[in-house]
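Let's have the full structure, built from the sequences with the hints guiding it.
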Amino acid sequence: MEIIATYGFIFMAMAVVFGLYMTWGIGANDVANAMGTSVGSGAITVKQAIIIAAIFEFTGAFIAGGNVTETIRKGIIDTSAIANQPEILVFGMLAALLAAAIWLMVASAKGWPVSTTHTIVGAIIGFAVVGIGVDAVQWGKVTQIAASWVVSPLLGGIIAFLLMMSIRRLILNTANPFESAKRWGPGYIFLVGFIISLVTLFKGLKHLNIEMTVAMSFGVAVVFGVVLALIGWVLINRVKIDPAADRDFHFASVEKVFTPMMIFTACAMAFAHGSNDVANGIGPLAAVVSIVQSGGEVAQKASLPLWILVLGGTGIVVGLATMGYRVMKTIGSGITQLTPSRGYCATLAAAATVVLASRTGLPVSTTHIAVGAVIGVGLARGVGAIDLRVIGGIIVSWLVTLPIGGALAAIFFFTLKGMFE
Amino acid sequence: MSSTNPFANLFGKSPFTALQVHMRVVLECVHNVPPLFEALAKGDDEGVKSAKERIFEREAEADKIKNELRNRLPKSLFMPVDRRDLLDVLQMQDSIADTAQDIAGLLVERPMELPEFMQEPMLALAGRCVDVCEMSAKIIEELDELLAMGFRGREASHVEEMVGALNRIEDETDELGLELARRLFQHEDEIKPVSVMMWYQLIQWVGDLADYAEKVGDRLRLLIAR
Numbered sequence: 001m002e003i004i005a006t007y008g009f010i011f012m013a014m015a016v017v018f019g020l021y022m023t024w025g026i027g028a029n030d031v032a033n034a035m036g037t038s039v040g041s042g043a044i045t046v047k048q049a050i051i052i053a054a055i056f057e058f059t060g061a062f063i064a065g066g067n068v069t070e071t072i073r074k075g076i077i078d079t080s081a082i083a084n085q086p087e088i089l090v091f092g093m094l095a096a097l098l099a100a101a102i103w104l105m106v107a108s109a110k111g112w113p114v115s116t117t118h119t120i121v122g123a124i125i126g127f128a129v130v131g132i133g134v135d136a137v138q139w140g141k142v143t144q145i146a147a148s149w150v151v152s153p154l155l156g157g158i159i160a161f162l163l164m165m166s167i168r169r170l171i172l173n174t175a176n177p178f179e180s181a182k183r184w185g186p187g188y189i190f191l192v193g194f195i196i197s198l199v200t201l202f203k204g205l206k207h208l209n210i211e212m213t214v215a216m217s218f219g220v221a222v223v224f225g226v227v228l229a230l231i232g233w234v235l236i237n238r239v240k241i242d243p244a245a246d247r248d249f250h251f252a253s254v255e256k257v258f259t260p261m262m263i264f265t266a267c268a269m270a271f272a273h274g275s276n277d278v279a280n281g282i283g284p285l286a287a288v289v290s291i292v293q294s295g296g297e298v299a300q301k302a303s304l305p306l307w308i309l310v311l312g313g314t315g316i317v318v319g320l321a322t323m324g325y326r327v328m329k330t331i332g333s334g335i336t337q338l339t340p341s342r343g344y345c346a347t348l349a350a351a352a353t354v355v356l357a358s359r360t361g362l363p364v365s366t367t368h369i370a371v372g373a374v375i376g377v378g379l380a381r382g383v384g385a386i387d388l389r390v391i392g393g394i395i396v397s398w399l400v401t402l403p404i405g406g407a408l409a410a411i412f413f414f415t416l417k418g419m420f421e
Numbered sequence: 001m002s003s004t005n006p007f008a009n010l011f012g013k014s015p016f017t018a019l020q021v022h023m024r025v026v027l028e029c030v031h032n033v034p035p036l037f038e039a040l041a042k043g044d045d046e047g048v049k050s051a052k053e054r055i056f057e058r059e060a061e062a063d064k065i066k067n068e069l070r071n072r073l074p075k076s077l078f079m080p081v082d083r084r085d086l087l088d089v090l091q092m093q094d095s096i097a098d099t100a101q102d103i104a105g106l107l108v109e110r111p112m113e114l115p116e117f118m119q120e121p122m123l124a125l126a127g128r129c130v131d132v133c134e135m136s137a138k139i140i141e142e143l144d145e146l147l148a149m150g151f152r153g154r155e156a157s158h159v160e161e162m163v164g165a166l167n168r169i170e171d172e173t174d175e176l177g178l179e180l181a182r183r184l185f186q187h188e189d190e191i192k193p194v195s196v197m198m199w200y201q202l203i204q205w206v207g208d209l210a211d212y213a214e215k216v217g218d219r220l221r222l223l224i225a226r
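Protein chains in written order, with the numbering used here: chain U, 1 to 421; chain E, 1 to 226.
Treat the hints as calculated values from the structure; they're not laboratory data. Think of the CB as a built atom: it goes at the ideal place given N, C-alpha and C, for glycine as much as any other residue. Treat the hints with caution; some may be incorrect.
Sample of chain E residues lacking proximity to chain U, with all beta carbon distances greater than 10 Å (derived) [to be verified]:
| # | residue |
| --- | --- |
| 1 | Asn-9 |
| 2 | Lys-13 |
| 3 | His-31 |
| 4 | Leu-106 |
| 5 | Asp-144 |
| 6 | Arg-168 |
| 7 | Ile-191 |
| 8 | Met-198 |
| 9 | Tyr-200 |
BS3-like, lysine-lysine: derived pairs with alpha carbons at most 30 Å apart [said to hold, decoys possible]:
| # | chain 1 | residue 1 | chain 2 | residue 2 |
| --- | --- | --- | --- | --- |
| 10 | U | Lys-110 | U | Lys-47 |
| 11 | E | Lys-13 | U | Lys-256 |
| 12 | U | Lys-141 | U | Lys-47 |
| 13 | E | Lys-13 | U | Lys-110 |
| 14 | U | Lys-203 | U | Lys-141 |
| 15 | U | Lys-417 | U | Lys-74 |
| 16 | E | Lys-64 | E | Lys-192 |
| 17 | E | Lys-138 | E | Lys-75 |
| 18 | E | Lys-75 | U | Lys-110 |
| 19 | E | Lys-192 | U | Lys-47 |
| 20 | U | Lys-203 | U | Lys-47 |
| 21 | E | Lys-75 | E | Lys-192 |
| 22 | U | Lys-47 | U | Lys-240 |
| 23 | U | Lys-256 | U | Lys-182 |
| 24 | E | Lys-138 | U | Lys-256 |
| 25 | E | Lys-13 | E | Lys-138 |
| 26 | U | Lys-240 | E | Lys-42 |
| 27 | U | Lys-141 | U | Lys-182 |
| 28 | E | Lys-138 | E | Lys-64 |
| 29 | U | Lys-182 | E | Lys-138 |
| 30 | E | Lys-215 | E | Lys-75 |
Simulated coverage check for chain E against chain U, where a stretch passes if three residues somewhere in it have a Cβ under 8 Å from a Cβ of chain U [stated by the list, open to error]:
| # | region |
| --- | --- |
| 31 | 76 to 83 |
| 32 | 145 to 154 |
Right under this line is the structure:
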């Protein structure tokens with residue numbers, strides 16, 4: 001207890017600094033993966049992607065980031081064993097943040113694929129097992145989370161597959177694809193608005209104290225979807241058929257119709273990513289803050305303070321603005337095969353899956369889901385060539401990141417414990 | 001940084017674009033065959049040589065593209081079509097250029113005269129065979145539309161029709177080839193025996209240009225088969 005009273009302020013400051021560094025890292029690296037499909041398909045420029053990401057990552061973090069943050073804050077560890085030693089949790093969370101931040105730095109410098117989500121979760125489990133005990137970990141929740149890491153890319157792939165098939169039947173395989181695209185385009189934009197708002201607002205937002213019945217949720221979602229569809233309808237109508245381009249590739253004009261549609265899915269993806277990944281940076285921070293502010297109360301019944309969400313969102317935006325530009329530029333060149341219609345399917349599928357995971361409080365890897373969605377489009381024979389070795393790479397990264405995150409967190413935990421006791 | 005991004009490695013190099021580029025080069029190569037015979041008919045040695053140079057150069061370029069495509073096609077690549085079928089189409093396309101190279105090579109190595117009685121039908125055969133190659137190239141240009149449609153639907157039916165038309169023109173060239181061979185054997189005593197053999201070989205080869213072009217179309221049937 002005394003440790004909290006003595007060093008409380010220092011802990012808070014450290015947590016804020018580490019948390020900010022984590023979210024800055026997320027903004028600099030992860031966002032590029034989230035926006036990659038949109039930039040790669042040529043629908044938006046890198047500059048536009050940065051602006052969209054800045055606005056919607058923050059919005060997503062603020063509006064929909066609560067549930068996942070709560071999971072990271074108190075869903076993984078059962079704190080009853082250390083009710084008398086709140087400083088252990090503080091050390092542990094700080095250690096987890098530090099471990100994840102360092103691993104992020106190292107892996108980025110070396111060019112290894114890194115998932116911030118997996119690192120943080122691995123780190124928290126690591127210090128809990130080592131610092132408290134194997135029983136302190138809520139293995140049921142952990143199993144749920146691990147299952148979601150496998151299921152979410154599959155779900156993204158299935159949704160993308162279905163979207164691709166529907167576009168093929170309704171638009172591409174018709175007598176006049178361009179006209180069909182103009183007719184059905186607004187419908188697909190409605191889907192974007194409807195799905196994202198329905199999943200996010202279903203039964204209200206707890207941390208913003210907004211209550212909603214199921215019927216209300218549907219109603220708001222429909223209205224939001226219709227508004228977006230109308231805006232989209234205006235944008236689509238401005239697309240003119242290009243006979244010269246059509247002679248070369250018959251579907252060139254159809255792809256031009258999909259280009260404004262991808263703006264909406266890009267926004268949705270930024271929103272979804274913000275909602276799920278902000279927790280990686282501020283979840284541990286929130287844990288430390290609530291312990292210090294309650295004077296050592298470890299049960300953490302208090303609700304999530306809003307300023308933490310704001311902090312997280314800001315960190316992401318700053319990271320994005322400073323380093324994101326450079327990282328995003330390297331993506332565009334490799335993804336020329338992803339035309340706007342394919343990009344739309346992959347991005348909407350990924351965004352919907354991530355937002356669903358955020359809603360259910362499950363931290364998932366946005367990047368892996370996006371990869372799953374692209375493979376789903378490929379299975380619908382929508383992409384020329386997909387290298388399946390990437391799947392192997394993803395599995396290897398699971399096997400590597402979790403133990404390393406855990407080990408690093410354990411090391412830092414004992415270091416901090418030694419320093420302050 | 002790019003290797004931290006899984007998307008950098010997710011997409012292989014699309015073989016369909018490369019296939020289309022390869023076919024365009026092959027077509028350029030084949031377009032030099034009628035001028036080759038025209039120069040021969042006029043007795044223009046320089047013309048024959050320069051046509052041969054152009055054919056050889058285009059064939060080398062086609063080989064380069066072919067090898068690059070094969071290099072970028074690991075077994076782990078997932079594509080909308082079977083890898084074997086794709087490589088077969090590539091092989092058939094390349095055989096067209098190889099045959100043109102054989103024709104040009106022989107005509108330069110063994111200086112020959114195009115006999116009077118063969119001039120008109122030979123030029124007609126060469127021209128028609130190039131037509132078949134052009135039709136085949138047009139079908140290959142439909143590959144990106146086929147990809148957009150997932151190798152199904154209206155586009156697949158459209159391509160099927162084109163391949164049918166291709167088969168019909170190729171039948172014509174078979175007829176022309178046989179007619180030309182008949183002419184050759186009718187007049188075989190008027191020219192040297194070895195020359196008769198060589199001209200027979202050349203007639204076969206020119207016919208092969210159309211044969212391989214037709215095979216390209218036939219392999220494409222496998223890609224859109226359902």
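Structure-based check of all given hints:
| no. | hint | verdict |
| --- | --- | --- |
| 1 | Asn-9 | 6 Å, violated |
| 2 | Lys-13 | 7 Å, violated |
| 3 | His-31 | 21 Å, holds |
| 4 | Leu-106 | 38 Å, holds |
| 5 | Asp-144 | 6 Å, violated |
| 6 | Arg-168 | 24 Å, holds |
| 7 | Ile-191 | 48 Å, holds |
| 8 | Met-198 | 43 Å, holds |
| 9 | Tyr-200 | 42 Å, holds |
| 10 | U:Lys-110 x U:Lys-47 | 26 Å, holds |
| 11 | E:Lys-13 x U:Lys-256 | 23 Å, holds |
| 12 | U:Lys-141 x U:Lys-47 | 39 Å, violated |
| 13 | E:Lys-13 x U:Lys-110 | 25 Å, holds |
| 14 | U:Lys-203 x U:Lys-141 | 23 Å, holds |
| 15 | U:Lys-417 x U:Lys-74 | 20 Å, holds |
| 16 | E:Lys-64 x E:Lys-192 | 39 Å, violated |
| 17 | E:Lys-138 x E:Lys-75 | 29 Å, holds |
| 18 | E:Lys-75 x U:Lys-110 | 28 Å, holds |
| 19 | E:Lys-192 x U:Lys-47 | 75 Å, violated |
| 20 | U:Lys-203 x U:Lys-47 | 36 Å, violated |
| 21 | E:Lys-75 x E:Lys-192 | 52 Å, violated |
| 22 | U:Lys-47 x U:Lys-240 | 25 Å, holds |
| 23 | U:Lys-256 x U:Lys-182 | 10 Å, holds |
| 24 | E:Lys-138 x U:Lys-256 | 24 Å, holds |
| 25 | E:Lys-13 x E:Lys-138 | 22 Å, holds |
| 26 | U:Lys-240 x E:Lys-42 | 53 Å, violated |
| 27 | U:Lys-141 x U:Lys-182 | 45 Å, violated |
| 28 | E:Lys-138 x E:Lys-64 | 22 Å, holds |
| 29 | U:Lys-182 x E:Lys-138 | 29 Å, holds |
| 30 | E:Lys-215 x E:Lys-75 | 24 Å, holds |
| 31 | 76 to 83 | holds (count 5) |
| 32 | 145 to 154 | holds (count 9) |
Hints 1, 2, 5, 12, 16, 19, 20, 21, 26 and 27 from the list above are not met by this structure, while the remaining hints are.
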